[in-house]
Amino acid sequence: MVVQRLALVVVRLRAYVVLVALLLASLGLMALDPVRVPGVSVLWLVSIGVVQRLTGGLLHPGGLERENELLRQLNTELMLEVTQLRRAFAENQQLRQLLGLREQRFPEAVPAEVLGVTIGQLQAFATLNRGAADGLRPGMPVLSPFGLLGSVRAVSQHFAVVELLENRHVRVAVRLQSSGAEGILAWEEEGKFVVHYVPSSIPVQAGERVVTSAASDRFPPDLPIGVVRDVQREPTLPFHRIVVAPLVPARAVRYVVVLRHVPNPERRALEERFLGLTR
Amino acid sequence: MARVPLPGARVWLRILGYAIAALCGVLLQVLLFPLLAVAGIVPDLLVVLTLWIALREGQVAGTVAGFASGLLLDVVMQGQLGLHAFAKTLAGFVGGFFAHLDDPEWLRALQLWRLSGIFAVGIVVHNLAYFALFVHPLDVPPLLFVLKYTGAATGYTLLLAVLLLLGWRLWERRGLTSAR
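Just so you know, the protein sequences line up as chains A and B, in that order.
Just so it is clear: in the first sequence, position 252 is 252 by the working numbering, and no numbers are missing.
Just so it is clear: in the second sequence, position 125 is 125 by the working numbering, and no numbers are missing.
Be aware that one or more of the hints could be misleading.
[As the list claims (entries may be wrong)] Okay, derived cross-link-like pairs now, SDA-like style, lysine to any residue, Cα gap no bigger than 20 Å in a straight line:
| # | chain 1 | residue 1 | chain 2 | residue 2 |
| --- | --- | --- | --- | --- |
| 1 | B | 148 | B | 158 |
| 2 | B | 148 | A | 186 |
| 3 | A | 192 | B | 36 |
| 4 | B | 148 | A | 188 |
| 5 | A | 192 | B | 37 |
| 6 | A | 192 | A | 223 |
| 7 | A | 192 | A | 227 |
| 8 | B | 148 | B | 159 |
| 9 | B | 148 | B | 132 |
| 10 | A | 192 | B | 38 |
| 11 | A | 192 | B | 35 |
| 12 | A | 192 | A | 170 |
[Unchecked claim] On the chain A side, residues computed to face chain B include the following (Cβ under 7 Å):
| # | residue |
| --- | --- |
| 13 | 15 |
| 14 | 22 |
| 15 | 26 |
| 16 | 120 |
| 17 | 123 |
| 18 | 125 |
| 19 | 189 |
It should be emphasised that the hints constitute simulated quantities derived from the structure, not laboratory data.
Built from N, CA and C at the ideal position, the CB exists for glycine as well.
Model the full structure from these sequences, guided by the hints.
Here is the structure:
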C-alpha cells in the first residue's frame with residue numbers, strides 16, 4: 001500500500017524526480033575530476049586527440065600561414081637582438097661561472113605539435129600529440145616560440161590537454177619587466193589580458209614586457225607572456241588595471257615545447273598550509 | 001501528419017534522430033563555432049536543441065536530453081565535467097514547462113516572437129546556471145561577472161535560435177506550399 005502510494009507520487013512528480021537526479025549526477029561529475037579517474041581520462045583524451053587529428057585542417061584555418069608570417073617577423077627582430085645578446089651572453093656566462101650558477105634552465109624540454117584548439121564559453125584548451133609516454137605530467141608549462149601558452153591539465157599515454165592562458169579560470173602571477181611591479185594576470189577577452197593588484201603608486205608604462213613571476217612556482221620565472229598596452233585605474237580600488245596584449249594568439253600556434261618543470265610539492269604544501277591558516 | 005507522442009511506436013526512431021542531431025550539434029560546436037567567438041563568447045547550439053526537444057517532447061524528455069547533450073559537450077570540450085550537463089538539464093526542465101503535448105500543432109501555430117521568448121527564458125536559465133558555477137573567486141564582484149556574461153551569451157545564442165526558427169518556419173511554409 002505504502003509502496004503503491006510512493007510509486008504514485010514518484011510518477012506524478014516524475015519530472016521533478018528526474019530533474020533532481022540529473023542535477024545531482026551533474027554535481028557529482030563536477031566533483032569528480034576526470035584526470036584522477038584513469039579510465040575516464042584515457043577515453044576522454046584519446047577520443048579528443050583522434051577527433052582533432054582527423055579534423056586538424058578545419059581547426060587551423062589559415063593558422064599555419066599566420067604562424068609563418070609571425071615567425072618571419074619574429075626572425076627579423078631576433079636577428080637584430082642576436083648581436084646584442086651574444087655580447088650579453090658572454091658577460092653573463094662569466095658572471096654565472098663566478099656565482100657558481102647552473103646553465104641550461106630547461107635541458108629536457110619536450111617538443112610537441114598542437115593537434116587542435118577547443119574553444120568553449122570563456123575557456124580554451126589545446127590537445128598535444130605527446131603524453132605520459134614522453135614524460136609529460138599535469139602542471140608542466142607549455143611554451144610557444146613567442147612565450148608562455150598555458151600548462152598541461154591532463155595526460156594520457158600519447159596525448160595531453162593544455163589549459164591555455166586564454167581561459168577565464170586561469171590566473172598567473174606576473175612581473176612587469178621594467179617597473180618590477182608584481183600582479184595577477186587574467187584573460188579578459190580575445191587578444192586581451194588584464195593584470196590586477198598592481199598598486200597605483202607604482203608607475204607603469206605602456207610597452208613594458210610582462211613575464212611570469214617568481215612569486216609562484218607554478219611556472220618558471222621570466223617566461224614572456226605579453227606587452228602592456230594600456231594602463232587604467234581600477235575604479236574604487238588603489239590598483240592599476242593594466243591591459244596586456246598577448247605576444248601571439250594561441251590559435252595561431254602549431255608547434256610548442258613542454259617544459260619538464262612541475263611545481264615543488266613541498267613549497268606548494270607549505271603555501272597552501274599558510275593560506276589555510278590565514279583564511 | 002500528426003506527431004507521434006512519446007512513448008509511441010516510432011519512439012526509437014525519434015530518439016535516434018535527436019541523438020544524431022546532438023552529435024552533429026557537438027561537431028558544429030567544436031569545429032565551426034569557435035570561429036564565431038566574440039570576446040570568448042560562442043553561441044550554444046546544444047541548448048537550442050535541448051529547448052527544441054523539451055518543447056516537442058515535454059519536460060522529462062527535455063530534462064534528459066539536456067543532461068545527455070550537456071554531458072556530451074562536457075566530454076568533447078575538455079572543460080569542467082558536468083558543467084554543461086547541469087546547465088542544460090535545468091534549461092530542458094524549464095523549456096518543458098511551455099510544452100503543450102496535447103496539441104500537436106502548437107509549435108507551428110505559435111507566433112515567432114512568442115517562440116523566441118520561450119527560447120530566451122530557457123537560454124537565460126541555462127546561462128545563469130553556467131556562469132554562476134563558472135565564476136572564479138577572484139572575479140570581483142561575482143554577480144556583475146555572472147550578469148555580464150549571461151547577457152552576452154544569451155544575446156548571441158538567442159540570435160542563433162531565432163535564425164534557426166526562421167529557417168524552420170520558412171522550410172515549413174515551403175513544404176505546405178508544395179503539398180498544395
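Structure-based check of each hint:
| no. | hint | result |
| --- | --- | --- |
| 1 | B:148 x B:158 | holds (15 Å) |
| 2 | B:148 x A:186 | holds (17 Å) |
| 3 | A:192 x B:36 | holds (17 Å) |
| 4 | B:148 x A:188 | holds (12 Å) |
| 5 | A:192 x B:37 | holds (14 Å) |
| 6 | A:192 x A:223 | holds (18 Å) |
| 7 | A:192 x A:227 | holds (10 Å) |
| 8 | B:148 x B:159 | holds (17 Å) |
| 9 | B:148 x B:132 | holds (11 Å) |
| 10 | A:192 x B:38 | holds (12 Å) |
| 11 | A:192 x B:35 | holds (17 Å) |
| 12 | A:192 x A:170 | holds (14 Å) |
| 13 | 15 | holds (4 Å) |
| 14 | 22 | holds (4 Å) |
| 15 | 26 | holds (4 Å) |
| 16 | 120 | holds (4 Å) |
| 17 | 123 | holds (5 Å) |
| 18 | 125 | holds (4 Å) |
| 19 | 189 | holds (4 Å) |
Violated hints are absent here; each numbered hint is respected by the structure.
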